[in-house]
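In the order they appear, the protein sequences are chains B and P. The numbering of the first sequence is our numbering, which starts it at 1 and goes up by one. The numbering of the second sequence is our numbering, which starts it at 1 and goes up by one.
FYI, nobody ran anything at the bench for these hints, they're computed from the structure. Using N, Cα and C, we set each Cβ at its ideal position, and we do this for glycine too. Wrong hints could be hidden among the right ones.
[Stated by the list, open to error] With the Cβ distance kept under 8 Å, some of the chain P side facing chain B (calculated, not the full set):
id: 1; residue: P34
id: 2; residue: V37
id: 3; residue: L117
id: 4; residue: F149
id: 5; residue: G153
id: 6; residue: S155
id: 7; residue: T159
id: 8; residue: R167
[Stated by the list, open to error] Away from chain B, derived, C-beta distances all over 12 Å, residues of chain P:
id: 9; residue: R19
id: 10; residue: N41
id: 11; residue: E69
id: 12; residue: G160
id: 13; residue: S164
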Amino acid sequence: MNDKPKKAPAAGEYGIETLAIHAGASPEPVTGARNTPIYQTTSYVFEDVEHAADLFNLQTFGFIYSRLTNPTVAVLEERMAALEGGRAAVCAASGHAAQFLAFFTLLEPGDEFISSINLYGGSITQFGHSFKRLGWTCHFVDPTDPENFQKALTPRCKAIFIEVLANPGGIVLDVEPIAAIAREAGIPLIVDNTMATPYLCRPMEWGADLVIHSTTKFLSGHGTSMGGALIESGRFDWARDGKFPTMTEPDPAYHGLTFFETFGDFGFTMKARTVALRDFGPAMSPANAFYTITGIESLPVRMERHVANAGIVAEFLDAHPFVAWVSYAGLKNSPYHALAKKYLPRGAGSVFTFGLKGGYEAGIRLVESVNLFSHLANVGDTRSLILHPASTTHRQLTDEQRQAAGAGPDVIRLSIGLETADDLLADLDQALG
Amino acid sequence: MSKPAAEEPLHYDDALLRRILTNTRTIAMVGASPDWVRPSNFAMKYLQRKGYRVIPVNPGHAGKDILGETTYARLRDIPDKFDMVDVFRTSDAVGAIADEAIEVAAGKGARVLWMQLGVRDDAAAERAEAAGLTVVMNRCPKIEYGRLFGELGWSGVNTGIISSKRRKPRA
Numbered sequence: 001m002n003d004k005p006k007k008a009p010a011a012g013e014y015g016i017e018t019l020a021i022h023a024g025a026s027p028e029p030v031t032g033a034r035n036t037p038i039y040q041t042t043s044y045v046f047e048d049v050e051h052a053a054d055l056f057n058l059q060t061f062g063f064i065y066s067r068l069t070n071p072t073v074a075v076l077e078e079r080m081a082a083l084e085g086g087r088a089a090v091c092a093a094s095g096h097a098a099q100f101l102a103f104f105t106l107l108e109p110g111d112e113f114i115s116s117i118n119l120y121g122g123s124i125t126q127f128g129h130s131f132k133r134l135g136w137t138c139h140f141v142d143p144t145d146p147e148n149f150q151k152a153l154t155p156r157c158k159a160i161f162i163e164v165l166a167n168p169g170g171i172v173l174d175v176e177p178i179a180a181i182a183r184e185a186g187i188p189l190i191v192d193n194t195m196a197t198p199y200l201c202r203p204m205e206w207g208a209d210l211v212i213h214s215t216t217k218f219l220s221g222h223g224t225s226m227g228g229a230l231i232e233s234g235r236f237d238w239a240r241d242g243k244f245p246t247m248t249e250p251d252p253a254y255h256g257l258t259f260f261e262t263f264g265d266f267g268f269t270m271k272a273r274t275v276a277l278r279d280f281g282p283a284m285s286p287a288n289a290f291y292t293i294t295g296i297e298s299l300p301v302r303m304e305r306h307v308a309n310a311g312i313v314a315e316f317l318d319a320h321p322f323v324a325w326v327s328y329a330g331l332k333n334s335p336y337h338a339l340a341k342k343y344l345p346r347g348a349g350s351v352f353t354f355g356l357k358g359g360y361e362a363g364i365r366l367v368e369s370v371n372l373f374s375h376l377a378n379v380g381d382t383r384s385l386i387l388h389p390a391s392t393t394h395r396q397l398t399d400e401q402r403q404a405a406g407a408g409p410d411v412i413r414l415s416i417g418l419e420t421a422d423d424l425l426a427d428l429d430q431a432l433g
Numbered sequence: 001m002s003k004p005a006a007e008e009p010l011h012y013d014d015a016l017l018r019r020i021l022t023n024t025r026t027i028a029m030v031g032a033s034p035d036w037v038r039p040s041n042f043a044m045k046y047l048q049r050k051g052y053r054v055i056p057v058n059p060g061h062a063g064k065d066i067l068g069e070t071t072y073a074r075l076r077d078i079p080d081k082f083d084m085v086d087v088f089r090t091s092d093a094v095g096a097i098a099d100e101a102i103e104v105a106a107g108k109g110a111r112v113l114w115m116q117l118g119v120r121d122d123a124a125a126e127r128a129e130a131a132g133l134t135v136v137m138n139r140c141p142k143i144e145y146g147r148l149f150g151e152l153g154w155s156g157v158n159t160g161i162i163s164s165k166r167r168k169p170r171a
């Protein structure tokens with residue numbers, strides 16, 4: 001290149017590969033340690049009594065107790081916020097915990113929200129059963145027609161929830177019109193971006209207000225560490241129609257502090273942290289944060305290989321005589337191919353489902369005959385994984401819910417890892433035959 | 001904070017904000033409250049702990065003590081010099097405060113007019129800039145200090161700062 005060296009990028013102009021390595025993680029200022037240290041400590045010494053009081057009152061920045069904040073976890077939080085193009089993030093012990101933090105911060109007993117039915121089975125159970133016991137009602141809708149969200153709106157609806165790339169079905173949602181419906185209704189759009197990761201899709205660019213991750217999956221990337229993250233865009237006006245008193249009215253647990261007034265565009269994650277995380281306690285461990293930070297450094301190169309391998313395996317299965325259908329949005333014959341091109345231009349992820357002509361029996365035989373694929377209930381590992389959702393992740397659902405969620409009895413879910421593609425094809429071929 | 005104004009989003013270079021917060025020593029805080037739960041009070045306290053002198057301006061509390069400093073009714077009543085005026089009032093109160101800041105700027109050595117998070121008045125900003133003041137709107141100096149000098153990331157906030165350098169404390 002003969003061009004003169006360019007000026008260093010301004011904040012927000014760095015590429016995602018750079019952010020994956022550097023965001024949130026400047027050298028440790030006291031020792032100069034270049035990699036992020038694991039701050040394996042429960043608590044932090046106060047400078048004096050006044051400093052302690054200011055910290056407890058949320059009147060200064062700093063650490064009190066690792067249930068609320070921890071320096072290693074904070075690096076991951078800032079990195080997640082940067083990768084998603086958001087303002088701030090709070091991490092939790094799992095994706096489910098992050099989801100709980102979001103809804104506890106949004107909802108009062110008696111409130112409602114609308115969710116796509118095409119979700120991870122555990123989320124359907126969390127929303128449909130456990131949340132009900134807290135007085136929160138979830139209305140599930142078929143997300144393939146965005147108008148269904150509009151029709152399901154009620155005066156007490158406080159949010160719309162979707163997975164942009166749905167688990168397990170290979171379904172891609174049309175985020176933009178759904179975001180427009182949420183914006184019109186004055187409620188936040190929450191997107192679970194676990195399956196896509198910010199490398200493949202950044203939902204806030206399409207109108208999402210909150211993004212949730214199970215960092216357990218592709219982000220940590222190696223099947224080592226549980227974790228979750230809740231990221232806020234900083235663009236939602238919590239004061240617009242008085243629908244979110246937890247954000248705009250004085251909080252009695254913090255001497256009348258008003259979160260939106262005090263913290264502005266990072267008020268939602270502050271509230272989620274200092275009330276929901278503080279009072280219910282699902283904090284991420286510093287060690288898990290460290291493994292996840294390390295995993296994220298290679299996220300872009302891993303995702304490239306994940307989607308490349310997934311494309312090869314999906315095409316192989318699509319042509320296989322024993323396979324009835326393949327639901328992978330990266331295949332040209334997928335009804336979601338056009339949406340995948342729009343929202344996931346770098347690839348349609350590496351988790352998808354297919355159906356066997358031999359039905360239930362053939363499915364059982366397959367998961368028990370593979371040798372490289374691991375039969376387990378996770379996705380987003382370096383290793384390739386195989387699962388029969390109807391008997392595992394989606395077992396608690398009714399037949400109708402299973403069908404609606406793309407987890408019927410003949411369905412097999414794959415999470416394609418980073419092995420040699422030919423070895424994966426050979427393993428599936430021998431197990432299918 | 002009043003509702004954020006609907007005008008175009010504001011952008012300030014990190015280098016500019018860093019320069020302001022590094023060169024400023026004394027801040028006149030208009031709207032400083034004696035109530036310890038109000039953001040103006042604990043923003044003042046935070047800035048004091050970072051080494052700034054903050055002089056409260058609040059006609060309702062003139063002559064009284066806020067966090068160890070005497071409160072004045074108006075900017076022009078402050079006997080000492082100050083580098084920056086920080087406006088902790090609603091946007092509709094900014095015009096008159098900006099005009100007073102412009103009037104006293106030369107005598108007091110003030111070079112910066114800063115409006116708090118949620119506070120914005122483009123016309124007042126234009127007048128102040130024409131008079132030679134640097135203007136920052138809809139930002140909190142406490143939050144920006146925390147962001148630029150390494151504390152805001154502790155709360156999971158995206159500081160936008162990427163650096164392989166060992167951070168130095170503020171000069």
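Structure versus earlier hints, numbers of those that do not hold, lowest first: Checked against the structure, the hints that fail are numbers 1, 4, 10, 12, 13, while the rest are satisfied.
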